[in-house]
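J.: Sequence:
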Amino acid sequence: MRRAFDLASLAAEAGEVPVGAVIIDLAGTVVGESGNAPIGQHDPTAHAEILAIRAACEHQKNYRLPGHTLYVTLEPCTMCAAAIANARIARVVYAASDPKGGAVESGVQFFDAPTCHHRPEVSSGLNADESAEMLRAFFRARRK
Numbered sequence: 041m042r043r044a045f046d047l048a049s050l051a052a053e054a055g056e057v058p059v060g061a062v063i064i065d066l067a068g069t070v071v072g073e074s075g076n077a078p079i080g081q082h083d084p085t086a087h088a089e090i091l092a093i094r095a096a097c098e099h100q101k102n103y104r105l106p107g108h109t110l111y112v113t114l115e116p117c118t119m120c121a122a123a124i125a126n127a128r129i130a131r132v133v134y135a136a137s138d139p140k141g142g143a144v145e146s147g148v149q150f151f152d153a154p155t156c157h158h159r160p161e162v163s164s165g166l167n168a169d170e171s172a173e174m175l176r177a178f179f180r181a182r183r184k
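Numbered per my numbering, the sequence shown spans residues 41 to 184.
Hint data in this document are derived by calculation from the structure and do not stem from the laboratory. All C-beta atoms, glycine included, are put in the ideal place defined by N, C-alpha and C. Heads up, some of the hints might be wrong.
As the list claims (entries may be wrong) - Between beta-carbon pairs, the in silico distance windows are: (1) Arg183 - Lys101: 40 to 50 Å; (2) Gly68 - Asn102: 10 to 20 Å; (3) His157 - Glu53: 35 to 45 Å; (4) Ala181 - Arg104: 35 to 45 Å; (5) Ala172 - Gln149: 17 to 27 Å; (6) Lys184 - Ala153: 21 to 31 Å; (7) Ser164 - Ala67: 22 to 32 Å; (8) Lys184 - Pro106: 38 to 48 Å; (9) Arg183 - His82: 34 to 44 Å; (10) Arg182 - Asn102: 19 to 29 Å; (11) Leu50 - Thr85: 17 to 27 Å; (12) Phe179 - Gly107: 32 to 42 Å.
Let the hints inform the model, and build the full structure from the sequences given.
T.: As structure tokens, this is what we get:
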């Protein structure tokens, strides 16, 4: 999770919402990572999770990532939850909940939908205060 926070900080420095994501394989090796980049990439799908999934799939030469764990600093949105399910990621660990945009334990609770074909193990709250404060500070500075 520490690396995900480093990536979130880099995203914030680039003017992006500070979210970072890291994917590890069964051996604990990082196979994909990214910070948020929709603004810089001119791509609304360039969320940290999506970019990390793309990198991990390329690294593994597979569009599926069974046995992998995704660490992310903010609860994934619906788009990212769908990508996680489609990639068959085994476990998701996120820091802060996102009552407005989250789709794992907030909002639509995507993994609980009957149409969801894969439900990863989910853990939340790891370094949640640190993540929430990073997000608050980012948006506070943008409102000045």
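J.: Under the constraints set out in the numbered hints, which ones does this structure not fulfil?
T.: When the structure is compared with the hints, numbers 6, 9, 10 turn out to be violated.
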